[in-house]
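Just need the whole structure built from these sequences, with the hints factored in.
Read off the chains here:
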Amino acid sequence: MKFGIMISEGPYTHQATDTAYQFVKAALAKGHQIHRVFFYHDGVNNATRLTEPPQDDRNIVNRWSKLAEEHGIDLVVCVAAALRRGILEENLAKGFRISGLGQLVESGIQADRLVVFGD
Amino acid sequence: MKFGIMISEGPYTHQATDTAYQFVKAALAKGHQIHRVFFYHDGVNNATRLTEPPQDDRNIVNRWSKLAEEHGIDLVVCVAAALRRGILEENLAKGFRISGLGQLVESGIQADRLVVFGD
Amino acid sequence: MTESTGGIEVEEETAGRVKKFMFVNRKAPYGTIYALEGLEVVLISAAFDQDVSLAFVDDGVYELVKGQATKGIDVKNFSPTYRALEGYDIEKLYVDAESLKARGLTEENLIVPVEVLSNEEMADLMAAQDVVISF
Amino acid sequence: MTESTGGIEVEEETAGRVKKFMFVNRKAPYGTIYALEGLEVVLISAAFDQDVSLAFVDDGVYELVKGQATKGIDVKNFSPTYRALEGYDIEKLYVDAESLKARGLTEENLIVPVEVLSNEEMADLMAAQDVVISF
Amino acid sequence: MLHIVNKSPYQTRNLESCLRLAKAGSAILLIEDGVYAATRDNIAAAGVKAALGSVSVYALSPDVEARGVNNLLLDGVKLVDYGGFVDLVAEHANTQSWL
Amino acid sequence: MLHIVNKSPYQTRNLESCLRLAKAGSAILLIEDGVYAATRDNIAAAGVKAALGSVSVYALSPDVEARGVNNLLLDGVKLVDYGGFVDLVAEHANTQSWL
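Residue numbers (this note's numbering), protein chains in the order written: chain A, 35 to 153; chain B, 35 to 153; chain C, 18 to 152; chain D, 18 to 152; chain E, 2 to 100; chain F, 2 to 100.
All the pointers check out, no bait thrown in.
Capping the alpha-carbon separation at 25 Å, the derived lysine to any residue pairs in SDA-like fashion look like this:
(1) C:K36 with F:A28
(2) D:K83 with F:I44
(3) E:K50 with C:L117
(4) A:K64 with F:G84
(5) C:K37 with A:Q67
(6) A:K59 with F:N95
(7) C:K36 with F:H93
(8) A:K59 with F:A94
(9) C:K88 with B:I94
(10) D:K37 with E:A25
(11) C:K37 with F:L89
(12) F:K24 with C:E132
(13) B:K59 with C:K93
(14) C:K118 with E:D76
(15) D:K109 with E:N95
(16) C:K88 with B:R92
(17) B:K36 with E:A28
(18) B:K64 with E:D82
(19) D:K36 with B:D146
(20) A:K59 with F:V81
(21) C:K83 with E:V81
(22) C:K37 with F:R21
(23) C:K118 with F:A45
(24) A:K59 with D:V92
(25) D:K36 with B:M35
(26) A:K36 with C:R34
(27) C:K88 with B:A60
(28) C:K83 with E:D82
(29) C:K88 with B:P87
(30) A:K59 with C:D147
(31) B:K59 with C:N94
(32) D:K93 with A:I94
(33) D:K93 with A:A60
The calculated label-pair distances, taken between Cβ atoms and stated as ranges, are:
(34) E:G84 with D:F95: 39 to 45 Å
(35) A:K36 with F:N72: 37 to 43 Å
(36) A:G106 with C:T123: 49 to 55 Å
(37) D:G33 with F:G84: 55 to 61 Å
(38) D:T123 with E:G84: 45 to 51 Å
The hints are simulated quantities; they were obtained by calculation from the structure and are not laboratory data.
Every residue gets a Cβ at the ideal spot worked out from N, C-alpha and C, and that includes glycine.
Here it is as structure tokens:
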């Protein structure tokens, strides 16, 4: 089955992005496909390459980048939400791309299920 | 009277930073002093110089920078919270400085009142 | 249109597929940005020729209250946009009756004509969707 | 100490001033970061020789629940830190009785010894503070 | 003591906790989405009305106007602007924000 | 339909609204701070207990364990791991997240 994912909150502050990550990993392990992960609202803050979490903590941004690299997952950051919050090409982490909101609607159309993770 | 301010949420997503800004402006207009504005939790996201809000919207980051310039207000971003969220010297907006959490406690001691704005 | 739709050529990529999309609005305006950014998704969805409906539940009904005047908080008043939705062929606006009543509001207080639904009607409508996006 | 305290020479800048600081914890752990980052402020405050107390109200009481095991969510379990507070001379931990009861919890469920306060006691204590920082 | 409540009484229970722990003679300021608690004929209004006997309740007028609820306000709730907010903080020995 | 609730029933009223608008035969999955709603002897438990007759209630076990409430769970609430979460989404025609 093909899943679309929407994430509405930034890393560390809310568990939403952690849960979404574990969901995506579990879906892949079961042989499902991830059509796209769409980052909206504060979710765009998952895409900054500048985070430096404590050594003994998970690195949420790198975890997404690695997942994209290993499984070819499409990580899309909403351009309008990103501009508002200071996420630009210059601080974008590996594996993410910036695009329009239509990518979310399209994911709703193309995927078999769209699941929203937020606060 | 001397006021300390703590802001716990990022720009645009929550009204906390708008309300804090209006409070600070009103306090200055009444002849009070602002001992410090301390940005904690997602509040550190107020300090990125990379935001590009829509033309017809307020520019929250620039508004803080301008206030700091005109009134010499001390805008302090918590270093630990900032590292977690990707706010570093390289993307820090004018008028903000990065320092430790002790600056918040000190503001509680030095100021006559400490007011918390968050979500 | 390709810019606002994220570079997607709508007709090619989604030709023929019409899904039921429901956007569920449950947050008050201004205190947080979810209502405003939610509305931005709704407007984009109009380009995709899907079967779009909006539900206003809980504090989401406050988004539609008449007479919002935001000058004092220096934030843009986006409530007139709900009146413009008709021009985008987005005409299905459903309001949860219980949410309205609990807040001491009636349809008279709202800026646009809406259809007010009972618990059962709202539950049925929600369950009949293909995609539910909540803010 | 000057790094953790933000470069402040504690003794010079605050010499002699002892204020009553209360940190009010009202959020559950892990769902959001407020409890964890709140605890970081509490630890730093210990360096300033102030009169520090912690209040656990509403979902804040969940921060103290015994037996947290966070491996499955890949987040660090910070609940043992509450037991370490004593070593920082932070010994005033107050729990709101009504919050505990509403959640079906008793002091037995908590990881540290606390003082359980009635509504009136908690209200009095809060009102007697110089600085109240809430998370 | 000045209690500050910024959430709708429907979305969270912050107002309930505030009303429970506000001492007689203290003040409550409703800001942001908290101002909805000051509108009449709603479920939350009962708690605010009952509190009006022992505490002062204020609502931030720019937030009231932004949300279009000026005409729905409860009797007894006093409106203040940002300057009035500053005065309230200055007049009370301490503040607690119910986040 | 699968309803997903991620907030504590004390902090927000999301669970109440979910229970009100969940049709008989649908499923509710409690995740993150939402799992507290599945603990017994608490005020919110009454609503969940009453709903158990007509809807299936699940709780995400990694979130239950993280919060140390394993031994406090209500009878009738089924535990699932992240794989079980994926299965629930796949088995139901659509999902609604009560944010």
